[in-house]
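Number of protein chains: 2
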Amino acid sequence: MQTLIQSVLTLQNGSLELVDVLLMGDRIHTVAPANSLPVAPCLIDGTDKLLLPGFVNGHTHSSQVWQRGLIPQLPLELWLANVFDSTPRQLDQFYWGAVSTAVDTLLSGGTCVMDHAYVLPHQEMETVDALVRGYKAVGIRAVIAPLIQDLPFASGFPRGCLLPQAASPQSAAELLAMMEAIVAEFHDPNQGIYIGVGPTGFHRCSDELLAGCGKLSDRLNLCYHTHLLETRAQQRLAQERYGISAVQHLENLGCLTPRTSVAHGVWIDDADIELLARTESTLVHNPVSNLRLGSGLAPVLKGLQAGLNVSFGCDGAASNDAQHLLEAIKLGTILHTVTDQDYEHWLTPEQAVQMAAMGGAKGVNLGDRTGTITPGMDADLVLYNLNHPSMLPRNNPLQLLILGRPTDVVEAAWVQGRQLVDQGRVLTVDTAALHHMLRHQPQAVHPAEPPHHPVEPHYREVMLNR
Amino acid sequence: MQTLIQSVLTLQNGSLELVDVLLMGDRIHTVAPANSLPVAPCLIDGTDKLLLPGFVNGHTHSSQVWQRGLIPQLPLELWLANVFDSTPRQLDQFYWGAVSTAVDTLLSGGTCVMDHAYVLPHQEMETVDALVRGYKAVGIRAVIAPLIQDLPFASGFPRGCLLPQAASPQSAAELLAMMEAIVAEFHDPNQGIYIGVGPTGFHRCSDELLAGCGKLSDRLNLCYHTHLLETRAQQRLAQERYGISAVQHLENLGCLTPRTSVAHGVWIDDADIELLARTESTLVHNPVSNLRLGSGLAPVLKGLQAGLNVSFGCDGAASNDAQHLLEAIKLGTILHTVTDQDYEHWLTPEQAVQMAAMGGAKGVNLGDRTGTITPGMDADLVLYNLNHPSMLPRNNPLQLLILGRPTDVVEAAWVQGRQLVDQGRVLTVDTAALHHMLRHQPQAVHPAEPPHHPVEPHYREVMLNR
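Protein chains in written order, with our numbering: chain A, 17 to 482; chain B, 17 to 482.
By construction, these hints were calculated from the structure, which means they are not laboratory data. From a predicted model like this one, the values you see are computed outputs, not experimental measurements. A few of these clues could be false.
As the list makes no split between identical chains, a pair holds if one copy fits it or if it spans any two.
To be verified - SDA-like mimics (lysine to any residue), calculated; alpha carbons at most 20 Å apart, straight line:
1) Lys152 / Tyr258
2) Lys152 / Gln251
3) Lys318 / Val354
4) Lys318 / Gln28
5) Lys318 / Leu480
6) Lys231 / Ser187
7) Lys231 / Met393
8) Lys231 / Gln439
9) Lys318 / Thr390
10) Lys318 / Pro168
11) Lys231 / Ala193
12) Lys318 / Val471
13) Lys318 / Phe202
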C-alpha cells in the first residue's frame with residue numbers, strides 16, 4: 017500500500033515547507049520537494065492542509081471519561097476521594113472509555129496515548145483486556161500502564177490520616193507477578209499496543225514496588241510511568257517519609273531511565289530537574305489538570321533549559337473536563353510566561369510541536385519509531401484542514417493551530433500507515449454508538465455526604481493550617 | 017412576537033432547574049416551572065438544552081481579526097510595535113472585522129461585545145461607521161469605544177524611549193470633540209449599538225484627555241473603558257509619572273464610576289482593588305491574552321473577595337489567536353487556583369456564569385437590561401445543545417460548558433428578543449462570504465526587520481536589566 021500526500025505544508029527543521037510525503041506500508045518512505053514524486057495509488061491532495069507528526073497524549077486515565085464534568089474543583093487529595101467513589105465498575109465502561117479516549121485523541125492531533133489506567137480490583141486482566149480491545153478497535157497507538165499501589169489511600173496525606181481502612185491492597189510481590197502476566201498476555205508492539213509499568217506514585221507505593229517496577233521496565237524494555245510531586249502535599253510527604261527529594265529517592269531505587277516518564281512534576285526543584293534531565297527521563301506536563309486541581313505551575317521552562325525532555329498530557333477527564341490534546345498544548349505553551357519575564361525563553365509554536373510529537377514519543381519509549389516526519393519512521397501522521405474558519409486568516413497556520421482554538425480541523429490521521437480518520441471522521445469505530453453510550457449513562461447519584469468530607473478536616477489542618 | 021422555550025434547563029439562583037421561558041417582543045416576559053405555560057406561536061423544545069443569559073465579551077479589538085496568528089509571542093510593549101505595523105488600513109476590513117467578532121462571540125456564548133476599537137487616523141467617523149454597519153448586520157449588541165490617545169507610542173515605556181517620532185497625535189480637545197461627534201452620529205441604544213469613551217490607557221493619554229473622557233461619560237451616560245496596568249512596565253511607568261498608583265490617579269481625575277470598566281488590571285494592588293470596588297468599577301479579565309503576552313496573573317480572586325465586579329474578555333485576536341468566549345471563561349475560571357491554596361476561594365462554574373453574564377453586563381453599563389433570565393430583562397439568551405459529544409456524559413452540563421471544551425454547542429441565540437442563531441448557524445449574515453474574505457486575505461508580508469527591533473534594546477535594558 018502506497019499513499020502519496022502531495023504538496024503539503026509541513027514543519028521541516030523548524031520552518032514550514034511544502035513537500036511530498038510518500039507512505040509505504042507502515043512507514044514514511046520519502047519526503048521530497050513538493051510535486052517532485054510520481055503519483056501513488058492512493059493520492060491525497062495537500063492543498064490548504066498542514067501535515068504534522070502525530071502528537072502523544074502523555075498522561076491520561078481513560079476510564080475517567082465517565083466522570084467528565086462530575087467532580088467539583090478540589091485539590092487532588094480531596095478530589096481523589098470523589099474519583100474513587102464514582103469510578104466505573106463495569107468492564108464495558110472500560111472498553112468504551114478507551115474508545116472515547118482514542119477518538120478524542122485522534123480528533124485533537126494525537127496518534128498515541130499513555131493510559132495510566134485504573135483497573136478493577138480482582139478483575140485486572142479483564143480490565144486490561146477491555147482497554148486493549150477498545151484501543152485496537154480504534155487502531156490508535158496506546159501504552160497501557162495499569163495503576164498499581166500497595167499502600168492505602170490515607171498514606172498519600174502528609175502526617176497520616178485517620179481513615180477507616182479500606183480493603184488491604186495487594187502486596188508488591190503479587191502486583192509485580194500480575195504485571196508480568198499482563199505483559200505476557202497483552203504487550204503487542206506490532207499491533208501498536210504496549211504495556212507499561214505504572215506505579216501510582218511514591219505516595220501510594222512501597223520501595224519494593226517502585227524498585228520492582230524499575231526492574232521489570234529494565235528487563236522487558238517497558239515504559240515506566242508514575243505520578244510524581246503533583247502537589248505540595250506530596251512534596252511535604254516525601255520530606256516526611258524519605259528526608260530527601262522524591263526524585264532522588266526514585267533514582268536511588270533505580271527507577272529513572274530514558275524509559276521513564278513522570279506525570280506532573282509541579283513541585284520538582286532545580287536539583288530534581290537536573291536529575292531527571294541527566295537520567296533522560298521525561299516530564300509529562302498536564303497544564304489543564306494542574307490548574308483545575310490547583311496543583312500549581314510545573315517548572316517547564318527551567319526544565320527545558322536544563323535539557324529535560326518535556327511532553328504534554330491531558331490527564332484524566334475527571335480533572336480535565338476535556339480530552340483535547342491541542343487545548344492542553346496551547347495552555348502548556350502560553351502558561352509559563354508568568355514564570356519567566358525574558359520572552360526569549362517563552363515557548364514558540366514550533367517548540368510546542370516538537371514537545372508534543374518527539375517529546376511525547378520519547379516519553380513513551382517510542383522515540384525511535386514516531387515523532388518526526390522522516391523516512392524510516394512509522395507513519396503516525398495528522399493532516400489538518402486549513403480552510404476551517406478557526407484556521408483563518410492564513411497568517412501562520414502553525415501558530416493558529418497551537419495558539420488559536422482549532423475546531424474540527426483534523427482532516428485525516430494515520431497510525432503505523434493505517435488511515436484511521438478521513439474527512440474528520442474516525443473510520444474504524446462507530447462513534448454514534450459511543451455517543452449513545454455516553455448520552456445514556458445513568459445520571460450520577462450524588463452521595464448524601466460528599467466523599468471527601470471525612471478527609472477534609474485533616475487536609476485543611478495539615479495543608480492550610482486551619 | 018412571542019416565543020416559548022419549553023422545559024429547558026437553566027440556572028436559577030445558583031442551581032440548575034427546568035423551566036419555561038416566554039419571550040415577548042424584545043423582553044423576557046415570564047419564567048415559570050417547566051410545562052406550566054400555554055404554547056406560544058413560536059415554540060422551542062428545550063429538551064436536552066441549556067439556556068443561559070448571553071455572556072459579554074468585555075474587551076476586544078475587532079480589527080485584529082486580520083492579525084490572528086500573525087504576531088509572535090512578545091511582551092505587550094514589543095508586540096504593540098508589530099500590531100501597529102500590520103494593522104488593517106481598508107474600511108471594509110473594519111466592517112468584516114466587526115462581523116467576524118460578532119459571529120465568533122455569538123457562537124461561543126456571547127450576545128454583547130465591547131469593541132475597544134482601533135480607528136483609522138483621519139477616517140475616524142468612517143471607521144466607526146464600518147464597525148456599526150458590521151455589528152448591525154449581525155444584530156449583536158455592541159459597545160464601540162474608539163481607542164484614542166494624545167501621547168506618542170514611546171510614552172508607553174518607562175524611562176522614555178528614543179524613537180523617531182511618528183506623526184503627532186491629535187490633541188485632547190480635538191479627540192474629545194471627535195468623540196462627541198461620534199456619539200451624536202452612532203450611539204443608538206434602541207438598536208443595541210452604544211458608543212463608549214475609550215482612552216487607550218493612562219500610558220498614552222494626558223490627564224486632560226483622561227478627565228475629559230470622564231466628563232463625557234458622566235454627561236452622556238457612556239461606558240468609560242480603558243486599558244489599566246496590563247504590564248509591569250505600565251506599573252513602573254505610573255510610579256515614574258505620577259508617584260502614585262495609576263488607579264488612584266484615575267480616581268483623582270474623576271474617571272472611576274459604575275460606568276467604568278478597566279481591561280486587564282494585572283498589576284493592581286490591594287489598595288487599587290479596594291478603590292475599584294468602592295467606585296463600583298469593573299475589572300475585565302483577559303486570561304488568554306495575559307498569558308500570551310506574558311503580562312501575568314490578574315488578582316481576580318482577591319478582587320472578587322473585595323466585592324469588585326469582574327467580567328471576562330477575549331482581548332483582540334492579535335494577542336489571543338482565538339476569539340472564543342468560553343475558552344477565555346474556562347481559563348479565567350481555573351487559572352487562579354495557583355494564587356490561592358484555599359479551594360473554597362476557587363471559582364465555580366456557577367460563579368463564572370454570573371461573572372460572564374451579569375458581571376459583563378455591568379461592565380458595559382447595561383446591568384439593568386441584560387445579564388439574568390428574569391422577567392422584564394431584555395431577551396439576550398443563548399441556548400446550548402447538550403447532545404453534542406463535547407457535552408457528554410450528562411453529569412453536570414454547566415460544569416462541562418465552563419470547564420470542558422465545548423465545540424459547536426451554541427444551538428440558538430437571541431439579542432433583544434431577535435433570534436440571531438438557529439441550529440448553530442448565524443441567520444443574519446453570510447458567514448461563507450466572511451470566511452471567503454478571511455481565506456483570501458493576501459499573505460502577510462513580514463518586514464525585513466521585525467517592527468519591534470528598534471525599541472527592543474530599550475525594553476530589555478529597562479525591564480530585564482540587560
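Okay, the hints, checked on the actual structure:
no., hint, verdict
1, Lys152 / Tyr258, "neither (41 Å within a copy, 66 Å between copies)"
2, Lys152 / Gln251, "neither (38 Å within a copy, 56 Å between copies)"
3, Lys318 / Val354, "both (13 Å within a copy, 18 Å between copies)"
4, Lys318 / Gln28, "neither (26 Å within a copy, 46 Å between copies)"
5, Lys318 / Leu480, "between (28 Å within a copy, 17 Å between copies)"
6, Lys231 / Ser187, "within (17 Å within a copy, 75 Å between copies)"
7, Lys231 / Met393, "neither (29 Å within a copy, 67 Å between copies)"
8, Lys231 / Gln439, "neither (44 Å within a copy, 56 Å between copies)"
9, Lys318 / Thr390, "neither (29 Å within a copy, 50 Å between copies)"
10, Lys318 / Pro168, "neither (34 Å within a copy, 37 Å between copies)"
11, Lys231 / Ala193, "within (12 Å within a copy, 78 Å between copies)"
12, Lys318 / Val471, "neither (34 Å within a copy, 27 Å between copies)"
13, Lys318 / Phe202, "neither (38 Å within a copy, 51 Å between copies)"
Checked against the numbered hints given earlier, this structure breaks hints 1, 2, 4, 7, 8, 9, 10, 12, 13; the rest are met.
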